[in-house]
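1468 is the number of the first residue of the sequence shown in the working numbering; add one for each residue after it.
Accuracy of the hints is not assured; some may be wrong.
[Stated by the list, open to error] Calculated cross-link-like contacts (lysine to aspartate or glutamate; reagent style DMTMM-like; alpha-carbon spacing at most 20 angstroms):
1. 1587 <-> 1526
2. 1587 <-> 1630
3. 1587 <-> 1683
4. 1587 <-> 1482
In short, the hints are calculated from the structure, not lab data.
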Amino acid sequence: RLARALRARSIGTDDVVALALPRSADSVVALLAVLDAGAAFLPLDTAYPTERLRGLIDDTRPALVLTAADDIDGVPWSTLLDEAADLSGAPLTDGELAAPRHPEHLAYVIHTSGSTGRPKGVLGRAGGLAALLHHQRSTVVAEAEGAAGRQLHVSHTYSFAFDSAFDHLIWLLCGHRLHVYDTETARDADALLAAYARDAIDIVDTTPSMAAPLIDGGLLDRRPTLLVLGGEATPPALWQRVAASGITARNMYGPT
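Hey, can you work out the whole structure from these sequences and the hints?
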């Protein structure tokens, strides 16, 4: 439905749609809808200061900025979620689709942190995302599927403005269940452990700085199928704790 609403506004190949949505299933729907419409997504973290959001928008000049609110701190946005609810959920027809996607077509824009100056937009191509999906599906996902022998439950705790968030979506595209935790839960180790227990989480992908309190709280005792650490350097002592547990673990970073 959302892809259809985007195409109705002539959003298509190499157009950029900025996504400023709270962490929820809507974020995943919006991201996939933009790709389905043939466009590229620019994820924005609504926790960023207004000045930074404006700077990212000015730098990228998206064709549309999509959010669940009419206005965030004085920045104008366009909303399509309510409009899309009234549209057909059938797959897009050939007449509605943009031009066929080419590997060199734009798929997403991710900005650097700006720690050494102004944030810079990095352009991700459709071919790169396709290669990532193929590789992860045939290696990381296949290994976890073989170990569990069933549908897996995967936690999603990264900001969508951080490209490692895309790695989690691959599990969804491979038929597994993705649990998108809100920002407050994602920052609280105790709350996360409770959520992991409630949702029977199999795949935990997190930073070393969050993994440490999770492990202190008993994460390894829950025997997840796979623990992925990335986004920052992992201290040797942390790796030693994980290795001693016998849990399968990987060191991975974002695809950009």
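Each hint tested on the structure:
Taking the CA atoms of residue 1587 and residue 1526, the gap is near 8 angstroms; set against the 20 angstroms cutoff, the hint holds. With a C-alpha separation of about 14 angstroms, the suggested pairing of residue 1587 with residue 1630 holds against the 20 angstroms cut-off. Taking the CA atoms of residue 1587 and residue 1683, the gap is near 37 angstroms; set against the 20 angstroms cutoff, the hint is violated. Proximity of residue 1587 to residue 1482 is assessed by CA-CA distance (about 18 angstroms); at most 20 angstroms being required, the pair is judged to hold.
Comparing the model with each numbered hint stated earlier shows that hint 3 is the single one that does not hold.
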